[in-house]
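If you read the sequences in order, they're chains A and B. Numbering (this note's numbering) for the first sequence: 76 to 733. Numbering (this note's numbering) for the second sequence: 76 to 733.
Copies of the same chain look alike in the list, so a pair counts if it fits in one copy or across any two.
Once the Cα atoms are required to be at most 16 Å apart in a straight line, the calculated EDC-like pairs of lysine to aspartate or glutamate come out as:
id	residue 1	residue 2
1	K690	E607
2	K690	D651
3	K699	D651
4	K581	E601
5	K689	E607
6	K574	E597
7	K477	D643
8	K346	E282
9	K234	D176
10	K699	D673
Hints in this document: simulated from the structure, not taken from any laboratory.
Number of protein chains: 2
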Amino acid sequence: MNCRHRQFSLKNVRIHDRFWDQWKRNNRETTLPYQYYQLIKSGRVANFLKAAGRQPGGYTGMVFNDSDVYKWIEAASYELQRRSSPELLQQTDYLIDVILDAQAADGYLNTYIMIEEPEKRWTNLGMMHELYCAGHLIEAAAAHREATGDSRLFRAAEKFADLIHREFLLNQRIGAPGHEEIELALMRLYRAGGDGKYLDLARLFIERRGTEASGFRQEAERLPQAAGFGLLFPVDNFKPKTMHEFYREFYLAGDGSYDGRYAQDHIPLRKQRTAEGHAVRAMYLYSAAADIAAETGDRELFSALEAIWSNMTLRRMYATGGIGSAVEMEGFTRDYDLPNRQAYAETCAAVGSILWNFRMLSCTGAGKYADLLELVLFNGFLAGVSAGGREFFYVNPLSAEKDHRRKGWFSVACCPTNAVRLLASLETYIYTGTSQDIWVHLYISSTLTADIDQAALSLTQEGSYPWSGSVRFRLSISSPRHFTLYLRRPGWSSSCRAKVKDAEYKTDKNGYIPISRRWEGEEEIELTIQMEPEALTSHPLVAGNIGKRALQRGPVLYCLETADNPGDLDLLRLADLSKLAASEMPELFDGCIALQGDALRHNPDVWVGRLYAKKADLPESGEKTSFTAVPYCLWGNREPGQMRVWLPCGCPADQNKS
Amino acid sequence: MNCRHRQFSLKNVRIHDRFWDQWKRNNRETTLPYQYYQLIKSGRVANFLKAAGRQPGGYTGMVFNDSDVYKWIEAASYELQRRSSPELLQQTDYLIDVILDAQAADGYLNTYIMIEEPEKRWTNLGMMHELYCAGHLIEAAAAHREATGDSRLFRAAEKFADLIHREFLLNQRIGAPGHEEIELALMRLYRAGGDGKYLDLARLFIERRGTEASGFRQEAERLPQAAGFGLLFPVDNFKPKTMHEFYREFYLAGDGSYDGRYAQDHIPLRKQRTAEGHAVRAMYLYSAAADIAAETGDRELFSALEAIWSNMTLRRMYATGGIGSAVEMEGFTRDYDLPNRQAYAETCAAVGSILWNFRMLSCTGAGKYADLLELVLFNGFLAGVSAGGREFFYVNPLSAEKDHRRKGWFSVACCPTNAVRLLASLETYIYTGTSQDIWVHLYISSTLTADIDQAALSLTQEGSYPWSGSVRFRLSISSPRHFTLYLRRPGWSSSCRAKVKDAEYKTDKNGYIPISRRWEGEEEIELTIQMEPEALTSHPLVAGNIGKRALQRGPVLYCLETADNPGDLDLLRLADLSKLAASEMPELFDGCIALQGDALRHNPDVWVGRLYAKKADLPESGEKTSFTAVPYCLWGNREPGQMRVWLPCGCPADQNKS
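Turn these sequences into a full structure, and let the hints steer you where they fit.
Encoded structure:
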């Protein structure tokens, strides 16, 4: 917390990057229109019409479906901020009309509760997502006002936030959000408008966690009287469950006692030291707490976040940056419990991790947070989106069979709408500014325009990251100024050099290369980051990775797919890892870098008539072959097949002296 | 099916074996009395009193609880057959009185149905276990009559079997047993009494599987009208489930379509080629089918069993002989899907595998069936019972943390009552006879007395199997006779020699050493089976075992436990496997053979601050140490800790050239 970084607005940054342009074009031209259609088709918009009394019928879908409409407006607003689009403007205006029409006179807005159980507001905060949806409304409103200047939705969001403030803070109603989100939204509202009551409310919700005032324990006891009790949830690929079953499963231990970990409600946040519970909930909570700590200088709270971050990154995170090993509760489990195939690693949790890491970075300027942000962005997050932009993974395992495929939409559609808003706002994560300095966190070809000490600055970076580590910067400034340009030295790099004219600059302890000088006119900076294929080993306590390696080059983690490696992938063993080679693969994603290397392929014929064998009974096995690995973020975009990130080394029959 | 082996009665075989005497004494002196107490305490006996109208109140416990009472009577009868016990006789007599009193006038007997839903007999065969319980009644009755000559229970069982025969065969009621058991019981009844109608009924039930006549598909549709629909099942460590949930989970695929695999009802048994569904159900079905094939000469049916056996042993079986990888449906999954920690490998399935293999052996005389019987007996089965005889595993994983502990009793108590009847009847699996020959399948110090061609034969084997492979036989015969003594050459042995006087005998293609000669007076045979510690490798497609080894010596599989190897077991790597040594460990189970060898222990300090690392970043790791492995069947008998059967080899950081 030694510095406060300023986020640049979308208007200040323009991306022109071969890699990212594709993702962003897909997002704008394919994903946004398709999701608008789905919001209508799935009845999510109709729920607002029904709540407004403009359409008959009961509520449709999951109880948190309002949030998808809000998240779509947020994403569309980011696009509108970048460039005008009459069609997008018309669509957002229509949705805003519908939303405003549905809002109750006192500011309340949740279409499930209004349509089905109007008398049961705030009675089931653990599961009903009223505050979560309110948070997404606030975020959409802030983004929309910033993009368009139209403040109708913003006022509606403020009105709802005021109601919540009155209810929970002034009237002291017990309770906290089951699924966090409103806390970080309130911080955004606070920062957008300046009213300290929103900060107070965000802080109240955060301080209530892990105390009786969160109210979840009491809710669990009086559940039959709560909202949503009669609901059956038709979860994709799962049997329907009742609210009671969910509450039991998530909030109670096997013996029926209360276990708040699912909602980070086991002990007060400032006492927590481990990443616990539902991973998306956790990321949103930690994000809001980082915002609060930054605003209030609460060092104790920030220390808790640092400890949780260490626990997560050193014991509870996949090599993709993905988090959450437990499928059932979508969250964290035990240290080193990171099964590859049963990984959950929800796309939303990756988005949440990016949100949190950006805030930790903004508070500290420590490169480790940008390293993780980059890792998640290029791997755990991006794998969630298809190369065509139309389909999404909810779950991102590190080992999969051919039936694991992306889908265009889900009955729980949080991931597609989270992906679209992240990709639409990617520009804001590349650069930050501190007092007089400029920081470059991500290497994405782009141009930043900003004022620095009343001079007009333009900073352009050009390169073919993530495939190459050579990045060329052009800086132009209207009047000479002395300031520091901080270039991040990626944590994965073994060598990284920055040159301006003939001067070379060195990395500081925070993982950045500070280039402190007087800048004048047009300047050029050359950054050269060595990018070689590397084999990763995993901590010996990660049981599923013992004797295995994963391949990485630069920020990109690789995987093997059936499309490039015919036959059962489980018969392959990595052989001589000193011979890894990188080469262009033009046919995947209009070009990417693939890795090749030596492998052994087990001959299953050797095993005919055997399942277990003594060494002496086993003829020599393993035919020499080669393998091709592709970027994990691009997997699953060709014909269905197997995928593996971690691959065994050598040949089990002769890797030992036995 | 080239021969028919005759099973010797318990009266013909007497065990006097250091290893087995302990298990059998525990079984007789500890387990049987304890389980009798539990039958009373848990309300299982009271259910019969209630059904008889002698006690008020509703049914208590799981719907199949009658079977535990029957299985206990069966076990007690085996003990009574071996030696008289006034106490045991009094207890069985009391239980039989209670059972006879509960039986309906028409012969029907199922206390749940009689107490709770008398009008709903046979309406939910998929889940309600009426025919399963009837099967265990028949087995108990046959064992009890054989032991005591008292035929009261036998007549009651026949009366019930006659009712079932009338209902399903004569009156052609649609349906088959959801949980198989009655089929093999009917074959026992047929063999005990000779009435062909029991064979016909067993065959009818078996032929109905995989056809519409099994009735499960129709049952799934009309479930709300079926028996037990209102029940909530309080499964140990699980949340209660309704009958509807169970039916859905087990009999329907994700899309709601019928999937008969759970109950081996997907296609007719004679067309099946893979081991499918609930493992205990499968074993009982295959056992009965083997009996039917043996009696009827049905080669097509037997061929199906041989194919299923190959599929099971080559693709769907743990190195312990345990079967069933799926926890939820307690059964088989896919080829090579054998996770060590989530293994189900139910103790009952091990018992079932022994039952089936003994029948396959009796039909063929092929040593591979005896090999598997031995493997299951010494490992997958015996691990289910504590060294003290009082506690049991339901689930037998190959990797466990300290919370996996045996329990004395379960609300679903099938495993303890199956273990007690198997241990009480162990004698019957050691020897068989064919026409004039004698076969020795298991090496357990014991004496067989039998008539052979009107001469009195006594065959005694002495040794300290499974710790030593030296077995000395003494054969005495009242008059000289020419016959063949077949000694099994264990499939695991690399060298096995049998000598009579100076003559050496060789193994035949079936895996037995036939000693064909004229036997006269007192003779001695010396069998020497080489027993060395061995490291097993597993088929490369068993994902969890890649790069790992398991240790075996003779028929005994080994494992590492925390008790002998302090620190986290996941930090250990097996090192030089050529240096394995066996030595006496006196303190476990009054003496057993432990294995020692070299290992590397990873130093987690090297990993401080890292979860994933490049080779270059990683300092040398792995401190030389040694390990001690103990027999898997004895694990979990000391202070709680970790257990691992498969252990990684070498050190991940340097096992490869990278």
